[in-house]
Structure formats: C-alpha cells, structure tokens
Amino acid sequence: MSIKSEPITINLGPQHPSTHGVFRMRVTFDGETIIDVEPIFGYLHRGSEKLAEERTYTQVVTLTDRMDYVSSMLNNQGYILAVEKLTNIQPEPRGVWLRMIASELQRIASHLVAIGFLIQDLGAWGTPLTYSMREREKILQMFEMLCGARITNSYMRPGGVFMDAPQQFWDSLSSFIDEFPAAVDELERLLTSNEIIFSRTKGVAILTPEQAINASITGPILRSTGVPWDLRKNDPYDYYEKVDFDIPVHDAGDNYSRYLLRVQEMRESLKIVKQCVDFIEPGPVRPHHDQVPFLLRPPKGDCYVAIEGSKGELGFYLVSDGSISPYRWHVRSSSLINLTLLREMLVGTLFGDLFVTFGGIDINMGEVDR
Amino acid sequence: MNEWNGKILADEINTHIPNSVVSSDKDSVNVEKEKIYEVLKFLKETSGFSFDLLSSVTAVDYIDHFEVVYHLKSLITLSKATIKTKLGFGREDQPEIDSVYSLWKGADFQEREIFDLMGIYFTNHPNLKRILLWDGFPGHPLRKDFVTNSQSIIPSEDLS
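Top to bottom, those sequences are chains R and G.
According to our numbering, the first sequence is numbered sequentially starting from 3.
According to our numbering, the second sequence is numbered sequentially starting from 122.
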C-alpha cells in the first residue's frame with residue numbers, strides 16, 4: 003500500500019547555485035518525487051535582438067559574445083557565417099582555419115564546464131571541477147593570445163578573423179595538443195567508471211529519439227539518444243568537409259550517456275584542431291578593406307545559418323533592408339529549446355535527480371534569455 | 122544536406138493542397154495564413170518530405186504586415202526548407218495564426234517567445250503566455266513601433 007502525502011510546491015531559483023545562472027523552476031513534490039515542473043525564464047533578458055537593430059553588422063559580434071558566455075567563439079562563428087552568406091563574402095582560407103581552431107577549442111572548453119559542473123551538482127565538491135577548470139584555463143589563455151580577451155572574445159569578422167595568431171599561440175597550442183589527451187584520461191579515470199556516478203546518472207531522465215526530435219532537441223542530448231545528427235557532418239560549413247572526425251553516439255538517452263558523449267566529443271574536437279594546424283597556410287586572415295568594407299551594407303534579403311554549437315543547433319536568422327544595421331536578428335537558441343522537455347524528463351524522478359538532469363542538459367542562461 | 126528549391130516545393134504543395142501557395146522564390150515558399158497548419162502537417166507527414174525537425178520559428182515585423190518564418194529540417198531525407206506566411210495586414214492589433222504545437226513540441230517555447238516579443242497570437246497553443254518578459258509588460262518590444270528610450274549609437278539619419 004502506498005501512502006499519499008500532501009503535494010508541496012517549492013521555488014528553486016532564480017538565486018540558486020545549482021541553476022547555472024538565474025533560472026527559476028516552480029517544482030511540485032509529492033514526498034520526494036517530482037510531480038510537476040514549471041520553468042520560468044527571463045531574469046537575464048537583455049533584449050539582444052532589439053539592441054542589434056541599432057548597431058552595425060560588426061558591432062553585433064559583441065552582442066553574440068554575451069549570449070552563451072562559455073562558448074563565445076562558436077556564437078561569433080555562427081553569426082559571421084550568416085553575415086557572410088547574406089553579403090556574399092568569400093572568406094580568406096587562413097581566417098577560416100583560425101576560426102575553426104578557435105571554435106573547436108571553445109567546444110572543448112564548453113564541454114569541460116558542462117562536465118565539471120555536472121559532477122559538482124552531483125555533490126563531488128571541488129576536485130573534478132578543478133581538474134576541468136585547469137584545462138579550460140589553458141584554452142582561455144590561448145584565446146587571450148589570439149585576441150586579448152578570455153571570455154568575450156569578439157574574435158571573428160566578416161571574411162575571417164580580425165588578427166593573425168602570434169607565434170606564442172602556436173607554441174601553446176602544440177603543447178596543449180600533446181598534453182590534453184592525458185588530462186582527459188585523468189578526468190575519465192576519476193569519473194567514467196565511478197560507482198557513485200553510475201548510480202546517480204544511469205537510467206535517469208531517459209529520452210527517446212522520437213521525443214527528442216519532435217521537441218527540436220539537438221546537440222549532445224539528441225546524440226545521446228542514438229541519432230547521429232551533427233551539423234558539422236550533415237550540413238557542413240566552413241571547412242568541416244575537409245577534416246576527418248567521428249560523431250560519438252550513445253543510445254541510452256540518460257544522463258550518463260550525455261556525460262560520456264561530451265568526453266568523447268572533446269577528443270574528436272582535439273582531432274579536428276590537430277588537422278586544422280596541419281592544413282593552415284600563411285596568408286591574409288581577412289579580405290582587404292577594398293573588398294569587404296568596415297561598414298557593411300548587405301543587399302535586401304534574409305538568410306538562416308545554423309552551426310553545431312556546443313549545446314546544439316545554434317541558428318542565426320538575419321533580415322537586411324540594405325542599411326548598415328540588421329533589420330531583424332533572431333537567434334535560435336539551443337539552450338532554450340533543449341529545455342522544452344524538462345518537465346517530461348523530471349516528472350517521476352526524485353529531488354536528488356533534479357540538478358543532475360539539469361546539469362546533464364547543460365544550458366547557459368545568457369543564451370536562454372538573450 | 123539539400124535545400125529545397127522554393128519553386129519546386131511550391132508546386133508540390135499546390136498540387137496536394139490547392140490554393141495554398143501565395144508566392145515562391147528560390148529559397149522559400151510563401152503560403153496562405155489559413156492553410157499554414159495544413160501545409161506544415163502535409164510536409165511533416167508525407168514521405169519524401171518528412172520534415173521531422175522544426176529547426177526554428179521566428180517572426181519579422183515589416184511595418185505593414187508581419188511574417189512568420191518556419192525553418193524545417195528532415196533527418197530522414199536530409200533536406201531543409203523555409204516556409205513563410207504573411208499576416209496582420211494594416212497593423213492589426215492582435216494578429217492570429219494557428220499554432221504548430223500539436224505537430225512539433227519544439228514550437229512550444231519558440232511560439233511563446235514570438236507572442237511575447239512580437240505580439241502574434243498562436244491559436245490552439247496550450248500555454249500561450251509571456252516567456253521572457255513579465256506579465257503586464259506594456260507592448261511587444263520587437264515590433265518596429267515600440268518606443269525605446271535608449272540612446273542609439275548610430276545617429277538616426279545614418280540608419281536609412
């Protein structure tokens with residue numbers, strides 16, 4: 003016989019250390035079981051889409067940095083690809099290779115944050131987070147060499163990147179390429195077959211591929227359900243056709259496979275970086291001002307470009323009316339849309355699973371609210 | 122991934138759902154607002170199209186009308202297409218359109234966002250309320266007639 007207790011509603015957030023920003027959930031519990039979840043957004047809404055309407059095309063790059071602030075390079079890349087498509091700019095090859103190196107390093111950094119904080123949310127205070135933050139720090143230092151900024155990079159420009167990489171960057175990159183596999187092994191030794199992580203994440207918050215596709219969920223969460231869908235392979239942009247890499251896929255669709263998939267994706271990203279370093283050749287990093295002026299005036303029209311961000315499909319929809327600023331700029335934010343099934347994933351699980359699931363989805367409030 | 126040519130796609134849609142296409146160009150198909158649900162249901166459920174992933178929904182304010190833009194992708198036929206529809210001519214205060222929530226759950230937050238920021242009402246959406254702004258916020262900020270009191274970086278005479 004089961005005993006029914008009285009449901010109790012708790013507000014989690016917006017000020018809560020485990021919500022990765024200012025996210026609020028109104029959760030109803032029956033005992034320790036979750037029976038209802040209502041996500042409430044908007045605490046970090048800055049109106050980026052409206053702000054873009056009175057900035058020039060190049061100035062909007064700084065707005066993209068501040069969306070998903072743990073993967074700014076990827077945001078830069080997606081936005082710049084949209085501008086290039088709209089304006090019909092041919093990028094310089096060296097600029098594109100640098101762009102790919104930067105965004106793959108950023109993907110590694112973003113996955114490190116995701117893994118570190120997922121384990122932190124599990125209750126492993128400090129150690130795994132420090133391990134992953136140590137590696138991320140190396141990447142951020144390389145970004146500082148590239149463009150002078152660690153988080154809000156604004157590194158990319160229509161036609162390439164704004165500055166060539168200094169020799170110091172290549173030295174750091176080659177030692178990073180040598181050392182990083184060992185660092186991932188170390189992290190995996192600590193976590194991948196850890197008994198506590200098994201019992202807390204396996205079989206929790208399972209999604210089926212049909213559910214995920216129907217709810218437009220993309221990125222590592224979709225691939226953890228067994229669908230090999232990665233825009234770098236399925237709809238290649240930049241020079242992803244020229245590099246060789248695999249798409250890791252798991253079919254359990256639970257929190258553990260999401261964790262494991264991110265670890266494997268970091269190794270694949272490193273593989274891409276290695277090939278980019280081999281392919282890159284000296285040359286200009288962006289077209290001369292004669293071809294691509296600072297003040298862009300794209301022809302009238304619209305375009306939608308989607309890239310594989312660290313959290314899923316990151317899409318940029320741009321409408322131009324022929325003036326110097328976008329008429330409309332819309333961001334298809336993967337963080338927001340990946341939360342669509344939050345309720346379905348959480349209902350029926352226990353209170354302790356809530357933040358594990360939340361960490362497994364890996365959202366960034368800057369991108370959810372924009 | 123192949124991108125559907127708008128003109129070919131428009132012919133296909135028009136043969137199965139008569140009088141649904143308004144116009145088409147090489148990138149997109151513009152369909153009648155009343156037929157939008159029917160057209161998208163057809164594109165989702167007919168084999169050969171099988172657009173099972175609703176990539177993005179967004180809306181644009183063109184001053185004399187609004188436009189809702191659907192970006193569809195298919196994981197089965199590895200193709201993508203863009204469907205647009207015009208609504209709210211003559212600055213209608215509450216432009217309405219059918220929600221596609223029952224076809225793709227992924228439309229849930231995106232349609233709420235359009236409602237919140239652009240003020241387009243999605244009929245048959247189960248939970249149509251503001252998502253980013255708070256209840257009682259005056260107006261819809263992404264509309265072009267929304268008055269902001271910001272100081273623009275670019276002088277307004279340079280914007281045209």
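In short, the hints are calculated from the structure, not lab data.
Since this is a predicted model, take the numbers as computed values, not measurements.
Certain hints may be false.
Unchecked claim - Just the calculated beta-carbon pair ranges, DEER-fashion:
(1) G:Asp-214 - R:Phe-353: 53 to 61 angstroms
(2) G:Phe-210 - R:Glu-8: 14 to 22 angstroms
(3) G:Asp-185 - R:Gly-128: 18 to 26 angstroms
(4) G:Asn-126 - R:Thr-11: 50 to 58 angstroms
(5) G:Gly-260 - R:Lys-273: 48 to 56 angstroms
(6) R:Thr-11 - G:Asp-185: 30 to 38 angstroms
(7) G:Met-122 - R:Glu-197: 38 to 46 angstroms
(8) G:Ile-129 - R:Asp-187: 48 to 56 angstroms
(9) R:Arg-28 - G:Phe-210: 36 to 44 angstroms
(10) G:Arg-212 - R:Lys-6: 47 to 55 angstroms
(11) R:Glu-188 - G:Gly-260: 50 to 58 angstroms
(12) R:Ile-42 - G:Asn-140: 51 to 59 angstroms
For every residue, glycine included, the Cβ atom is placed at its ideal position computed from N, Cα and C.
Worksheet item: Which hint numbers doesn't this structure obey?
Response: Of the numbered hints given earlier, those the structure breaks are 1, 2, 3, 6, 12, listed in rising order.
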